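Working from the sequences, and respecting the hints, build out all of it.
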Amino acid sequence: MPILNVNGKDYESKVTFKFNSLAKDKYYGEDKDGNKSSGINNIYEKLLNFDHEGLIGFWDCAVNHLKDRPIRADIEEALMDVIDKDDDTEQLFKEAFIAMDNSGFFKLQAKKYWKDLEVAPEFAKDEKEKAQMEKYVQRMKDSRTELLETKKKTA
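Position 127, counted from 1, in the sequence shown is what my numbering calls 187; the numbers after and before it change by one each time, with no gaps.
These aren't lab readings, by the way, just hints derived from the structure by calculation.
Note that the structure is predicted; figures quoted are calculated from it, not measured.
Just to be clear, a hint being listed does not mean it is correct.
[To be verified] Quick list of the computed label-pair ranges, beta carbon to beta carbon:
1) A191 with H112: 25 to 31 Å
2) A133 with V179: 36 to 42 Å
3) D202 with E72: 27 to 33 Å
4) F183 with S81: 26 to 32 Å
5) E137 with E187: 46 to 52 Å
6) G89 with F165: 15 to 21 Å
7) K145 with V179: 37 to 43 Å
8) K188 with D146: 37 to 43 Å
9) K145 with M61: 16 to 22 Å
[What the hints assert, rightly or not] Quick list of in silico lysine-lysine cross-link-like pairs, BS3-like style, CA-CA up to 25 Å:
10) K92 with K195
11) K190 with K92
12) K127 with K74
13) K74 with K96
We put the beta carbon where it would ideally sit given N, CA and C, even for glycine.
So, in structure tokens, the structure goes:
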């Protein structure tokens, strides 16, 4: 699991019930009709899209199992320290995504996410929407492939 140094202390990420609990309360998605989606899936998808909110959400939830957990502002600062040092975010995204994708806790949910994504174009209203959905599915698959191609490194 990835490690993030916050205020001079190393914190190991864990994808657990505590992760899911905070993700559910704080990081859920919402569609145009106001329907809420799973927080853990929302973080996963944001990581796939290289969205920094997904990275922050991942770390905020990944240390939720600790009693002396760092606050979000300190996590953001620690992530910026890594970004400034590496002059890049790629490794941070890869480590967070791999931690979620390989997590025993999240594995079945991730599997369902990909199955649901694969059949999504079948529910399109017309051919134009179906083509857009197919492009989106392919983009997500490409992102996943890119994120899984990495060497383990600590943050």
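Results for each hint:
no.	hint	result
1	A191 with H112: 25 to 31 Å	29 Å, holds
2	A133 with V179: 36 to 42 Å	40 Å, holds
3	D202 with E72: 27 to 33 Å	29 Å, holds
4	F183 with S81: 26 to 32 Å	30 Å, holds
5	E137 with E187: 46 to 52 Å	48 Å, holds
6	G89 with F165: 15 to 21 Å	19 Å, holds
7	K145 with V179: 37 to 43 Å	42 Å, holds
8	K188 with D146: 37 to 43 Å	41 Å, holds
9	K145 with M61: 16 to 22 Å	20 Å, holds
10	K92 with K195	21 Å, holds
11	K190 with K92	19 Å, holds
12	K127 with K74	13 Å, holds
13	K74 with K96	24 Å, holds
Against the hints set out earlier in the document, no violation occurs for any number.
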